[in-house]
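Asker: Here is how the chains run, residue by residue.
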Amino acid sequence: MSLLEIKNLHASVAGREILKGIDLSINAGEVHAIMGPNGSGKSTLAQVLSGRDLYQVTAGEVVYDGKDLLEMSPEDRARDGIFMAFQYPVEIPGVSNLYFLKAALNAVRKHQGLSDLDAMDFLALVKERMALMEMDQSLLNRAVNTGFSGGEKKRNEIFQMAVLEPKLAILDETDSGLDIDALKIVANGVNALRNPARAMIVVTHYQRLLNYIVPDFVHVLAEGRIVKSGGKELALELEESGYVGIEGEAA
Amino acid sequence: MIDRIREEARQRFRDVGFPTTHDEDWRFTSVAPISKLVAQALVPAAPAHLPAQVRGVEISKLSEAPRELIEAHLARYADYQTNAFVALNTANFQDGLLVRIAKGAVIEDPIHLVFESSANGHPTASHPRTLVLAGPDSHATIVESYSGNGGAYLTNAVTEIVAGDHAVIDHYKLQTESARAFHVATLQIQLGRDTNFRSHSLSFGGVLVRNDVNAVLSQGCECTLNGLYLVSGDQHIDNHTCIDHAKPHAASHELYKGILEGHSSAVFNGKILVRKDAQKTDAKQTNKNLVLSENAVINTKPELQILADDVRCTHGATIGQLDREAIFYLQSRGIGLADARNLLIFAFARDIVDRIKVEPLREQLEELLLEKLHGSRN
Numbered sequence: 000m001s002l003l004e005i006k007n008l009h010a011s012v013a014g015r016e017i018l019k020g021i022d023l024s025i026n027a028g029e030v031h032a033i034m035g036p037n038g039s040g041k042s043t044l045a046q047v048l049s050g051r052d053l054y055q056v057t058a059g060e061v062v063y064d065g066k067d068l069l070e071m072s073p074e075d076r077a078r079d080g081i082f083m084a085f086q087y088p089v090e091i092p093g094v095s096n097l098y099f100l101k102a103a104l105n106a107v108r109k110h111q112g113l114s115d116l117d118a119m120d121f122l123a124l125v126k127e128r129m130a131l132m133e134m135d136q137s138l139l140n141r142a143v144n145t146g147f148s149g150g151e152k153k154r155n156e157i158f159q160m161a162v163l164e165p166k167l168a169i170l171d172e173t174d175s176g177l178d179i180d181a182l183k184i185v186a187n188g189v190n191a192l193r194n195p196a197r198a199m200i201v202v203t204h205y206q207r208l209l210n211y212i213v214p215d216f217v218h219v220l221a222e223g224r225i226v227k228s229g230g231k232e233l234a235l236e237l238e239e240s241g242y243v244g245i246e247g248e249a250a
Numbered sequence: 008m009i010d011r012i013r014e015e016a017r018q019r020f021r022d023v024g025f026p027t028t029h030d031e032d033w034r035f036t037s038v039a040p041i042s043k044l045v046a047q048a049l050v051p052a053a054p055a056h057l058p059a060q061v062r063g064v065e066i067s068k069l070s071e072a073p074r075e076l077i078e079a080h081l082a083r084y085a086d087y088q089t090n091a092f093v094a095l096n097t098a099n100f101q102d103g104l105l106v107r108i109a110k111g112a113v114i115e116d117p118i119h120l121v122f123e124s125s126a127n128g129h130p131t132a133s134h135p136r137t138l139v140l141a142g143p144d145s146h147a148t149i150v151e152s153y154s155g156n157g158g159a160y161l162t163n164a165v166t167e168i169v170a171g172d173h174a175v176i177d178h179y180k181l182q183t184e185s186a187r188a189f190h191v192a193t194l195q196i197q198l199g200r201d202t203n204f205r206s207h208s209l210s211f212g213g214v215l216v217r218n219d220v221n222a223v224l225s226q227g228c229e230c231t232l233n234g235l236y237l238v239s240g241d242q243h244i245d246n247h248t249c250i251d252h253a254k255p256h257a258a259s260h261e262l263y264k265g266i267l268e269g270h271s272s273a274v275f276n277g278k279i280l281v282r283k284d285a286q287k288t289d290a291k292q293t294n295k296n297l298v299l300s301e302n303a304v305i306n307t308k309p310e311l312q313i314l315a316d317d318v319r320c321t322h323g324a325t326i327g328q329l330d331r332e333a334i335f336y337l338q339s340r341g342i343g344l345a346d347a348r349n350l351l352i353f354a355f356a357r358d359i360v361d362r363i364k365v366e367p368l369r370e371q372l373e374e375l376l377l378e379k380l381h382g383s384r385n
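Those protein sequences? They're chains A and B, same order as listed. When we follow this note's numbering, the leftmost residue of the first sequence carries the number 0, and every step to the right adds one. When we follow this note's numbering, the leftmost residue of the second sequence carries the number 8, and every step to the right adds one.
Read the hints as simulated data drawn from the structure, not as lab findings. Hints should not be assumed to be uniformly reliable.
What the hints assert, rightly or not - The list that follows gives simulated cross-link-like pairs (lysine to aspartate or glutamate, EDC-like), each with its CA atoms no further than 20 Å apart:
hint, chain 1, residue 1, chain 2, residue 2
1, A, 152, A, 135
2, A, 227, A, 215
3, B, 295, A, 90
4, A, 109, B, 346
5, A, 152, B, 330
6, A, 101, B, 346
Stated by the list, open to error - Examples of chain A residues lying across from chain B (beta carbon under 8 Å, computed):
hint, residue
7, 77
8, 91
9, 93
10, 94
11, 103
This one's a predicted model, so the numbers in the text were calculated from it and none came from an experiment. Yeah, the Cβ is synthetic: ideal placement off N, Cα and C, and Gly gets one too.
So here's chain B without its partners, still in its complex pose (with noise of 0.2 Å):
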């Protein structure tokens, strides 16, 4: 089974290739340093350490897990047709994680995704691969994480999150891969009735990272899609969402919020569809960029495609730079231009870091906000 579906996806990439600038979704990230680094790296074996397992949960290697879960569910959402990266994936990963999260299941503990790449001495291209099944009712919180470490390597993820009706599922994705890598990866989210999904993006490392988040939305679904990103030297970042409202009575929030500092660029494209059936959707989107150099870019573009007629959606986007006023306003109290820059530009991302619900991924994020701060000042 997974045989073919990778056999269909490694035709599909070698007939629609890398994206190229001229490829309306990639128009302002050019992979071809991607594509370079594909050519020569390496496809290392990608070994997995399963933990102990808790009550309501389930973690196996995709290899391992019972076929007819594997046939139902692998890949039938995250689209190999039409996304280069995705089809990449879906033709090389070496196994992957399946979790699985029984019905009814309370699981209290969040469910850590830890990805690490090395690469030392020669480049690297890796595929993770990830399935979650949360159970009908299921209460769970996952936690991906991707670092590394070494010179140029690619991680290239994919990630299929299926919530069963009335599931509330937290997910939380923190990105620190190293100063040169390439980071691309794909978050599909496929929503049943009435669920409670709320994800959040947090991307620090990589040379250029490329995170694309996907949700289908199902009847009375709420989905939040949260994001924040802080990016300096040559660093560039694009972040693509997409939630399709399919069915009636949803409502989606999204908050992007980004960092620019140095010559970094960050891309945000926030794509909203309410289909003709989803009457009564309400969809909220906000991208906030606070641009600390003259020499960073930022292009956002919200793109709504709205076929119902009984709808609200709001989105908005923001420039700025750090208030001049304030910035008196501490010195003048004592506190240091340095400090007093660095206190509002945590200030900045505060309404992210508190939404955190996992208290040591919060503090991990408060202590990577202050030394990226202090870093790049110096």
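Isolated chain A (complex conformation) (with noise of 0.2 Å):
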């Protein structure tokens, strides 16, 4: 049985269709990316299967680990293993990175059936977590993503999903904007992240992040639909061609 099942996902904001069918499935330990042009909803999709409210789900299911994710609220997805890499991740004054992680591992180890970690352990993991993204320990006495560079917010997300180990990675263009010595940070704090009992989408506007985050498959989205679905080679060939011969293929 597959980690994911994506059945026929039909998604509205504001009464805007966005996903207009997807269908998708991701087994444990694949690597998946989701590519397309602006507004075709690779970040809708990432968003749904978050749990952000501003989304209406219409139509369709989706299956995660055999529980019916769409049933779930935010918190008790990523309680079950998903994480969601933002792509604007969040501002959060008064709270201490420290703190935040703290409270969202305990939260998760709780779901789990673990008692929270003592304070020795957790900064220990916390460190060695923080020397994989090569982050600055400043960074954890100073308040979530308040005042940081966008570099080093990208960072943080990979930083935090390194420290909850999700059994679902969900990475929303987490390669905007960042210049090539931070992607490459980025990519190894990922690759690091790899494993058998992982899955992860990546879902990039750029094939670039795809030459350090090589994938398994790629799957090309357009007006909310997947158009083509396709190896690794898929995003190189889309590098050559461009999305406007997708398009026109899958008219």
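Assemble the dimeric complex from its two separately framed chains, guided by the hints.
Answerer: In structure tokens:
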């Protein structure tokens, strides 16, 4: 049985239909890239999977790990192993990164029937994962994402993912706005987290990220539907011919 | 001496009576329930327990305090001519406390003044009165805490603080009166040259609360007046502050933050007066409100009166709700909705909480916040 099974998913925002019948099946251990032009519905798909209430699911179903995902609250999805790296990470003044991370990790652990991690073990884990992301430890005591540069925010997302160790990670345009050095750090972090038990959905507009995070499958989204699926070579093909050809093909 | 002032205040109160909402200073705060309570309330005796004396600090009952100090200071600052509640207090206070801090004394431990009301069976009205005389160049921390139990009662407090030149004074007021209590208080601050004075007003309890904080600044003063209020249910809180820049080169900073839930209401009125001589004044006032319910009401008003021409005065007020994006972000990391909301509310209060230097008080405040946040959601 696949980890995530999306069937005929339709979703709207403010009455406007964005997703018009998505079918996608993802197994543990696989990395799926979702590509497509602006407005094709890539981010909407990511947000719907993470439970953002801005979007209304109007038809279809999503089964995650044997459960009806669409019935679950955002926090329950997270506790059950879904993690979305935000395209635009939110600034939260007054809440320290460290406190936030501890609350998040303990919420996940509680759900798994584990006790809170003690302060020493928690700090050790956090420091190890920060080193992976080449992040300065001073960021721990700063308020969540507040005053962070664009690159720091994106790294902070992957750092959180490294601490929370999800089963399904969704990276929503994590590459946007990153320079090549930051992109490599982010990709290294993501690659270090690849393992047979973890699936990833990498949403991106550009092929460049996929040079560093090499996907098992590539799907092209256009106007709310997957119009083409293939292996990693599909991304290269897109780089050559652009989305126009693909969309034409679908029509 | 005290008797003469009392008589004057009594006469004055008879003339002016309780304020009404036609009075600009009381526009949003009706004290009708208070006047009703006062009419039938008992005025209890106020037994004072004086602590062991600490070097550099002398605490005595007003009735036993040196006559010349009482004559020179008591009721000289808090205005019983125009403020009816100050008049009521002055006419009725049952003794009170004089706190003297010696010239040049550095008092490391906070001086904690505890006011407890109890109204079991019959409503009571008490009028706590405190006079603090901090000598020149002294350093001290003063904490006033007001709490109570039982049914309806009124606490009508007046505290006058006189800080000598170069004194450094930290003041905190923690108000956790019981649910049906009325609390009215005036804090009157007279600051000498180059003093550094900071006050934090932390207000949680009571059904009808009015705080007046008035500061008169001399040359070179630095005065900080901060406040935090959290109201829910049918609570009403009114914070009026008045900073009088009477002399040049003084700075004032003011940050009041409010959290409103349920059918609660709050008023913030911040007056800054910069007199003609007070050149180079630097005054900053901010009032921020987090309104968590559609039924809560906030009235916020800056009142700047600037008569000098070389000054910097800024003011700002905000009224906002919790950030939905931030709530979702926290949820998406596994933090439950109620916890996410509380975390954000706590974060809003954070910059006031962090400024509290007395650690046990800061911890108590954190607990109160958490308790109140959890309680109001159930």
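Asker: Would you list, in rising numerical order, the hints stated earlier that this structure does not obey?
Answerer: none
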